[in-house]
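Asker: What follows is the residue order along each chain.
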Amino acid sequence: MTHMIDIGAAAGIATQVGDLLGTFAFAISGALMAVRKNFDIVGIAVLACATAVGGGIIRDLVVGVTPTAFVQLRYPAVALLAALLIFLWHPPRRLTHRPLDVADAIGLGVFCVTGTVTAYTHGLGAPSAAALGVVTAVGGGIIRDILAGVRPSILHPEQEIYAVPAMLGAVITALLLHVGHSTVITGTLASLAVVVLRVLALRFHWRAPLARPTSRRPKD
Amino acid sequence: MTHMIDIGAAAGIATQVGDLLGTFAFAISGALMAVRKNFDIVGIAVLACATAVGGGIIRDLVVGVTPTAFVQLRYPAVALLAALLIFLWHPPRRLTHRPLDVADAIGLGVFCVTGTVTAYTHGLGAPSAAALGVVTAVGGGIIRDILAGVRPSILHPEQEIYAVPAMLGAVITALLLHVGHSTVITGTLASLAVVVLRVLALRFHWRAPLARPTSRRPKD
Amino acid sequence: MTHMIDIGAAAGIATQVGDLLGTFAFAISGALMAVRKNFDIVGIAVLACATAVGGGIIRDLVVGVTPTAFVQLRYPAVALLAALLIFLWHPPRRLTHRPLDVADAIGLGVFCVTGTVTAYTHGLGAPSAAALGVVTAVGGGIIRDILAGVRPSILHPEQEIYAVPAMLGAVITALLLHVGHSTVITGTLASLAVVVLRVLALRFHWRAPLARPTSRRPKD
Numbered sequence: 001m002t003h004m005i006d007i008g009a010a011a012g013i014a015t016q017v018g019d020l021l022g023t024f025a026f027a028i029s030g031a032l033m034a035v036r037k038n039f040d041i042v043g044i045a046v047l048a049c050a051t052a053v054g055g056g057i058i059r060d061l062v063v064g065v066t067p068t069a070f071v072q073l074r075y076p077a078v079a080l081l082a083a084l085l086i087f088l089w090h091p092p093r094r095l096t097h098r099p100l101d102v103a104d105a106i107g108l109g110v111f112c113v114t115g116t117v118t119a120y121t122h123g124l125g126a127p128s129a130a131a132l133g134v135v136t137a138v139g140g141g142i143i144r145d146i147l148a149g150v151r152p153s154i155l156h157p158e159q160e161i162y163a164v165p166a167m168l169g170a171v172i173t174a175l176l177l178h179v180g181h182s183t184v185i186t187g188t189l190a191s192l193a194v195v196v197l198r199v200l201a202l203r204f205h206w207r208a209p210l211a212r213p214t215s216r217r218p219k220d
Numbered sequence: 001m002t003h004m005i006d007i008g009a010a011a012g013i014a015t016q017v018g019d020l021l022g023t024f025a026f027a028i029s030g031a032l033m034a035v036r037k038n039f040d041i042v043g044i045a046v047l048a049c050a051t052a053v054g055g056g057i058i059r060d061l062v063v064g065v066t067p068t069a070f071v072q073l074r075y076p077a078v079a080l081l082a083a084l085l086i087f088l089w090h091p092p093r094r095l096t097h098r099p100l101d102v103a104d105a106i107g108l109g110v111f112c113v114t115g116t117v118t119a120y121t122h123g124l125g126a127p128s129a130a131a132l133g134v135v136t137a138v139g140g141g142i143i144r145d146i147l148a149g150v151r152p153s154i155l156h157p158e159q160e161i162y163a164v165p166a167m168l169g170a171v172i173t174a175l176l177l178h179v180g181h182s183t184v185i186t187g188t189l190a191s192l193a194v195v196v197l198r199v200l201a202l203r204f205h206w207r208a209p210l211a212r213p214t215s216r217r218p219k220d
Numbered sequence: 001m002t003h004m005i006d007i008g009a010a011a012g013i014a015t016q017v018g019d020l021l022g023t024f025a026f027a028i029s030g031a032l033m034a035v036r037k038n039f040d041i042v043g044i045a046v047l048a049c050a051t052a053v054g055g056g057i058i059r060d061l062v063v064g065v066t067p068t069a070f071v072q073l074r075y076p077a078v079a080l081l082a083a084l085l086i087f088l089w090h091p092p093r094r095l096t097h098r099p100l101d102v103a104d105a106i107g108l109g110v111f112c113v114t115g116t117v118t119a120y121t122h123g124l125g126a127p128s129a130a131a132l133g134v135v136t137a138v139g140g141g142i143i144r145d146i147l148a149g150v151r152p153s154i155l156h157p158e159q160e161i162y163a164v165p166a167m168l169g170a171v172i173t174a175l176l177l178h179v180g181h182s183t184v185i186t187g188t189l190a191s192l193a194v195v196v197l198r199v200l201a202l203r204f205h206w207r208a209p210l211a212r213p214t215s216r217r218p219k220d
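Chain order of the listed sequences is V, H and Z.
Read in order, the letters of the first sequence correspond to residues 1 to 220 in full-length UniProt numbering.
Read in order, the letters of the second sequence correspond to residues 1 to 220 in full-length UniProt numbering.
Read in order, the letters of the third sequence correspond to residues 1 to 220 in full-length UniProt numbering.
Any given hint could be a false lead.
Repeated chains share a single entry, so a pair holds when one copy, or any two copies, can fit it.
Quick list of in silico lysine to any residue cross-link-like pairs, SDA-like style, CA-CA up to 20 Å [said to hold, decoys possible]:
1) 37 to 156
2) 37 to 77
3) 37 to 61
4) 37 to 84
5) 37 to 21
6) 37 to 89
7) 37 to 126
8) 37 to 99
9) 37 to 179
10) 37 to 207
11) 37 to 209
12) 37 to 73
13) 37 to 208
14) 37 to 13
15) 37 to 98
16) 37 to 184
17) 37 to 123
18) 37 to 181
19) 37 to 146
If you're looking for bench data, these hints aren't it; they were derived computationally from the structure.
The following block holds chain V by itself, in its conformation from the complex (with noise of 0.2 Å):
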């Protein structure tokens, strides 16, 4: 894998730091949806593991390797014990939005950069790495809000931007590899950008155009 080696040893364990902090971020945010929707231990624990490595699952089975997840065992374990932490300790229900927003920025914004880098490493051509850097990234939370029965936050029509900064991290990432540019400082700055750009819209509301609005369209 010619790719795995143009990319180094830094960079390959900086994505590994990277899909970590991806996983707990995630594993967070399933797990406070769980506590908002009052599950018990167990549908914490499912609930935080499939949020943070549905993502990755997808990833993998598309570049055709066994799931990281079944074969790492320090990511279940990393979500299991930020599902742990949550169990013993969360805000009251009605306060679990903000911080399940922050940490889905987190795992967004790590993921669709270690993402497109996974995808890339194993052969595919940039454009493709960055459509799956995407998918990974917004993969989970949207297995999340399914189980949970909420509306996909990619989805939701009176939401902020969600996918548009994944989309962003993902493409500037891409670009950064078929360059040959692509370094742990200019990942972990993508990265960067993308959770602060998420953040942003969510705090000031930054939402994508809707289609016309039919009613003020003339009959035709």
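Got chain V sorted already, so can you dock chains H and Z onto it with the hints?
Answerer: Showing chains H and Z alone in chain V's frame:
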């Protein structure tokens, strides 16, 4: 892959043309569902893509190849084009049902045939290929409906027959492949028959039988 | 595949028999859910099949083999037979809960053991095999519930323990495989124990602890 040679270059191209057409049609149906649900432009694009490539990704994972949607970028490109068209021009929300159903019928008709052909050319036996063809055809619509929070058409108790036309198309295609008489013309005719059958079912409210009503059964 | 030899021909056949039994039981649960939701005959067949083969498809994709459900047609055939039986004879809708739960418990008990064995024989380590066994066991039921539009049993806050028996069965099976003492008898006993534990949990309303109620917590 000897099967691939049996089917021939013309059929291979026809399958790709069909897949592009089905991708476009399913993307239109996903985008119209997003409009009906008042999603923003990102939600329209996401739902169009998920509907258009969802069934094919499942098919490719089952036969063990890298999902086409991540290798050949014309598939997501066609889906995004459909999303853009619907974003720019679409009927009023209350009038989206009929065009959505027709677009969905076209995708269903095309994918049950091309999905069966693709599965067969990758070495599955005729019955398995037909089963995977049906999954390819109904998969995208199920993903669309679950993401949008509506009950999947295939399961809706008050719905006209949906899976039956796809099953017929897939079984006919598998039979033709098995006896070596599958051609571009038979495939096109099978697809057309499925589309017509589904549209007629919608028009004349053809429904599958329910299980016996329990109220009329004696207590036992 | 040396593991396959370790386990032996008898265990291989037992695993297949178990998988057929679990497939039948889960198909019954899916068909009963379809009856409860008043689905038509196609909806009954679709939900029976999706419930019966869903978990196994995820398992096979993770271990990297062509999903058994598409290779060995006896699995979908058994699921369709179950659907037909339930279509022809089923309890009144309001009495479907108990038989559905029992059928689901049987599927859960069988699949957590056979799923773990299958994962282990394909080279996964014992802890990973147990994790995949649990996913195999709970996957079909989650797919059934999401398609039918009800909250998955595994997450329901007011539900008796569901994942815990499956986890116990999978961990015991993985331990026995690891120490080389897994036999047809131990596998059968482990499955039975899971079924009994789940049915007792339903009978006596055993539940997992909720996260500490927030209303009684001091502000901190």
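Asker: Output the indices of the hints that this structure fails to meet, ascending.
Answerer: 2, 3, 5, 7, 9, 12, 14, 16, 17 and 18
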